[in-house]
Amino acid sequence: MFRSMLEAFKNLFKPVRTHPYPAEDIVLPSGYRGLIEYGIDACIFCDKCEKVCPPGAILFYQHESGEKEYRYNPWLCIYCGECVRACPKPEEALWQSEIKQRPAVVEDGANEGWFAWEEACKKSREEYAAAKKAAKTQNKSEE
Amino acid sequence: MKKTVQIPLGSQHISLLEPIRFKFECENEKIIGVDADVGFVHRGVELACTRSFEFKQVGYVVARVCGLCAITHSLSYTLAAEKLLGYEANDRIKYLRMLMVELDRIHSHMLCLAHTAENAGFEALFMQIMSDRELVMEVQEAISGNRVQFDYISIGGVNRDLTPELSALVHKNLTLLSEKVDMLIGLFENNWSLSLKYKGVGVLSLEDAYTYNALGPLARAAGLATDVRAETNDFPYEALGYKMILESTGDIHARNFVRLREIVNSIEMCRNIIDNLPSGEIQEKAKGKPNGEAVVRVEAPRGELFYLVRGNGQNMLERVRIKTPTFSAIPAMMEVFKGAEYADAPAILASFDPCMSCTAK
Ligand code: SF4
Ligand code: SF4
Chain A
1 MFRSMLEAFK NLFKPVRTHP YPAEDIVLPS GYRGLIEYGI DACIFCDKCE
51 KVCPPGAILF YQHESGEKEY RYNPWLCIYC GECVRACPKP EEALWQSEIK
101 QRPAVVEDGA NEGWFAWEEA CKKSREEYAA AKKAAKTQNK SEE
Chain B
1 MKKTVQIPLG SQHISLLEPI RFKFECENEK IIGVDADVGF VHRGVELACT
51 RSFEFKQVGY VVARVCGLCA ITHSLSYTLA AEKLLGYEAN DRIKYLRMLM
101 VELDRIHSHM LCLAHTAENA GFEALFMQIM SDRELVMEVQ EAISGNRVQF
151 DYISIGGVNR DLTPELSALV HKNLTLLSEK VDMLIGLFEN NWSLSLKYKG
201 VGVLSLEDAY TYNALGPLAR AAGLATDVRA ETNDFPYEAL GYKMILESTG
251 DIHARNFVRL REIVNSIEMC RNIIDNLPSG EIQEKAKGKP NGEAVVRVEA
301 PRGELFYLVR GNGQNMLERV RIKTPTFSAI PAMMEVFKGA EYADAPAILA
351 SFDPCMSCTA K
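Keeping their order, the protein sequence lines are chains A and B. Residue numbering for the first sequence is 1 to 143, as defined by full-length UniProt numbering. Residue numbering for the second sequence is 1 to 361, as defined by full-length UniProt numbering.
Any given hint could turn out to be false.
[What the hints assert, rightly or not] Only pairs whose alpha carbons sit at most 20 Å apart, straight line, appear in this in silico EDC-like list of lysine to aspartate or glutamate: (1) A:10 with B:123; (2) A:136 with A:67; (3) A:14 with B:179; (4) B:287 with B:54; (5) B:180 with A:7; (6) A:89 with B:284; (7) A:68 with A:107; (8) A:48 with B:284; (9) B:338 with B:29; (10) B:172 with B:268; (11) B:56 with A:47; (12) A:14 with B:123; (13) A:51 with A:69; (14) B:285 with B:82; (15) A:48 with B:268; (16) A:100 with B:141; (17) A:51 with B:54; (18) B:83 with B:318; (19) B:56 with A:50.
[To be verified] Listed below are several chain A residues computed to face chain B (Cβ distance under 7 Å; list not exhaustive): (20) 14; (21) 17; (22) 54; (23) 80.
Keep in mind the hints are simulated off the structure, nothing from the lab. Virtual Cβ for every residue (Gly too), placed ideally from N, Cα, C.
Construct the entire structure; sequences and hints are all you get.
Written as structure tokens, this is what we have:
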């Protein structure tokens, strides 16, 4: 009993073992798997990243002009890094930073906004494919 | 006339964190019958693996079955998929995978010990074990880049390499940890209140362990020599200093000791892995589509984890079946309760280290 009281007294002067989190930021280890970043200039729009992504956090919107628009949902991403490994131009087109994402707020539309975008992407592709097909058949009939 | 009382424990109950319901039939304070009900958190993981995700992505999906043994789940699936692709990883990959699994075992066992300490009313020890556990978490975070969902293993290899700095960190933290574990062993052995509360409580006899197919630390505490690490040869465990840890009394105390001594053994194995890491690539190409059926068993911290994967040469799998350790151990668990005091039930339960959310998946 005396020993345990002595221990308890000594513990009063030991540094605390918990981390005062909001007051002090947590130090992330180097190589932390953070946000996926994208460089549009190097991207060749091969869609490989979109295909491998397990939760589907990367989606391309197909514009009528043939251009594709990249969009990434950091709140859906599981930070596995598969997209970076699949990308033929890692470090230039797609790379994983060490930045930690902040929690989503309502304005971010992390759910509804993304579902709408998913729908829009799907539709844009279907329309683009249909338009292409129509153009092809027209070309053929003109010949 | 015999009078019994039915007392439920769980699924939303202050002394039980896990979504399972036990219905105890008690005569005075003694439990004479048990009924268990699992399946409160069914998440449809198995179906999702065959309907929504391609086989290359499934490794990341099954890792979400359990937050604690995420690495064991992804490893088991990956091994099964690699078997179907006819690919065998090189030694470096094997060693790195083993390292993560053993680290996982250490932190899972420590969590369980913390909970058993808490259930003995020893809050301070709970806090202490949890803070010591940070040493392992730190290592895992540094190796895999994340604290809980490691996503470290992929088909054909592992996602990150072990640098010399990381190896040094592992060595440093494991040395610190082994001192702490030695202290814990002393505490669990000699502390008056811990041994009073846990010796002779919740006994599973060797015979019952056989009959009810107990596995993992639960079985080894009863003296049943069963460990997937010793029974399969997917990994070179023997060469790295694996020892089967057996106790004979089968009570909570014995289960705690199996865990403590397994931590010591795992620390030793991790050190051996790092010191003898072979050279080689960490990612190789595993070509093809899974065709056929493969069964894989891996020793998770809680016992045998079983995976069945069936593919038909397409991107989508035909069937993924996951049998988690806790699910297989439930009959043995129910047996332990019979004859115990009702007041001991939470402590007995914590000593099983149940993982119900994985069981229901
Ligand atoms: S890190 Fe993983 S989840 Fe995130 S976008 Fe890339 S592939 Fe998808
Ligand atoms: S994989 Fe790389 S190059 Fe291909 S679309 Fe994605 S970012 Fe662009």
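Structure-based check of each hint:
{"no.": "1", "hint": "A:10 with B:123", "in the structure": "18 Å, holds"}
{"no.": "2", "hint": "A:136 with A:67", "in the structure": "19 Å, holds"}
{"no.": "3", "hint": "A:14 with B:179", "in the structure": "18 Å, holds"}
{"no.": "4", "hint": "B:287 with B:54", "in the structure": "14 Å, holds"}
{"no.": "5", "hint": "B:180 with A:7", "in the structure": "16 Å, holds"}
{"no.": "6", "hint": "A:89 with B:284", "in the structure": "19 Å, holds"}
{"no.": "7", "hint": "A:68 with A:107", "in the structure": "25 Å, violated"}
{"no.": "8", "hint": "A:48 with B:284", "in the structure": "18 Å, holds"}
{"no.": "9", "hint": "B:338 with B:29", "in the structure": "11 Å, holds"}
{"no.": "10", "hint": "B:172 with B:268", "in the structure": "13 Å, holds"}
{"no.": "11", "hint": "B:56 with A:47", "in the structure": "16 Å, holds"}
{"no.": "12", "hint": "A:14 with B:123", "in the structure": "19 Å, holds"}
{"no.": "13", "hint": "A:51 with A:69", "in the structure": "15 Å, holds"}
{"no.": "14", "hint": "B:285 with B:82", "in the structure": "11 Å, holds"}
{"no.": "15", "hint": "A:48 with B:268", "in the structure": "42 Å, violated"}
{"no.": "16", "hint": "A:100 with B:141", "in the structure": "14 Å, holds"}
{"no.": "17", "hint": "A:51 with B:54", "in the structure": "10 Å, holds"}
{"no.": "18", "hint": "B:83 with B:318", "in the structure": "15 Å, holds"}
{"no.": "19", "hint": "B:56 with A:50", "in the structure": "13 Å, holds"}
{"no.": "20", "hint": "14", "in the structure": "12 Å, violated"}
{"no.": "21", "hint": "17", "in the structure": "5 Å, holds"}
{"no.": "22", "hint": "54", "in the structure": "4 Å, holds"}
{"no.": "23", "hint": "80", "in the structure": "4 Å, holds"}
Hint compliance for this structure: hints 7, 15 and 20 are broken, all remaining hints hold.
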